[in-house]
Amino acid sequence: MKKLGILAGVAGLALTAVLAASIPGSADDSKLEQLKSQGFARVAIANEPPYTAVAADGKVSGAAPDVAREIFKRLGVGDIVASISEYGAMIPGLKAGRFDVVTAGLFMKPERCAAVAYSEPVLCDAEAMLVKKGNPKAFKSYEDVAKDTSATIGAPGGGTEEKLALNAGVPRERVIVVPDGQSGLKMVQDGRIDAYSLPVLSINDLMKKANDPNLEVIAPVQGAPVYCDGAAFKKGDEALRDAYDIELAKMKKSGEFAKIIEPYGFSAAAAMSTTRDKLCSAK
1 MKKLGILAGV AGLALTAVLA ASIPGSADDS KLEQLKSQGF ARVAIANEPP
51 YTAVAADGKV SGAAPDVARE IFKRLGVGDI VASISEYGAM IPGLKAGRFD
101 VVTAGLFMKP ERCAAVAYSE PVLCDAEAML VKKGNPKAFK SYEDVAKDTS
151 ATIGAPGGGT EEKLALNAGV PRERVIVVPD GQSGLKMVQD GRIDAYSLPV
201 LSINDLMKKA NDPNLEVIAP VQGAPVYCDG AAFKKGDEAL RDAYDIELAK
251 MKKSGEFAKI IEPYGFSAAA AMSTTRDKLC SAK
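Quick note on the working numbering: the sequence shown kicks off at 1 and runs consecutively.
These aren't lab readings, by the way, just hints derived from the structure by calculation. Small disclaimer: the values here were computed from a predicted structure and weren't measured. Do not take every clue at face value.
Straight-line C-alpha distance at most 25 Å; calculated DMTMM-like pairs for lysine to aspartate or glutamate [to be verified]:
no.	residue 1	residue 2
1	235	111
2	208	66
3	208	111
4	31	242
5	59	256
6	109	238
7	252	242
8	235	256
9	252	173
10	95	245
11	259	79
12	147	173
Could you put the whole structure together from the sequences, leaning on the hints where they help?
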């Protein structure tokens, strides 16, 4: 009888394991507990103000990390620790476990939605170009850059702007990968590229800091869509993403979300006017 009791106990444990594995979300509930235990979440950023920024003392700020920091705090995770990454390396890094979440203005697109588990929308923006004063090549769109066979445009590697330029017909050799905003600004100033493209708020931040009367902003870029980002989680971490979404929804409803992002120039109403499902199914 004792042996039968042991066998029954083992069978019961096996059945419990099977049932636990079959319950949606149960497999990744431990991710939040892991983050609570280590006391911080590892986030990927691009150091592209006002989306993300790193101060001289190493403190991470910007609209996206500030939202993430507050949400993780509400979830019992004390702080965030950031790593600067090119946009094209963010999703591979997330999949490889180098980050716990991407909070970097990584705009939602169907192909990205298939690769990661996005939160509901956080930051929305249009596209812009930084050019010399007077816009000497008369750029209004990425197609205008493509038509000028001598024109070059800079953009973040793997970012939305790089893909928009390539899709508009700008040849690969005339789309210059630029590591950060300050480099893009300097390349336009030095005449090494004819335009540098980023979201409107990022370009405006660069212009404000540069205070260079010889530069001009073209915004919004004609024909370019308005995009929204969200916090991007690894597939399999949907329970963590769902917990994040619950706190994000509470902050949107209470007005705390607007208090965080609107001083950076973002619109809370824009983020609240759409959904992840709509953005991920957009053509």
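Exercise. Any hints from earlier that this structure breaks? Give me their numbers in increasing order, please.
Key: Violated hints: 3, 8, 9; rest satisfied.
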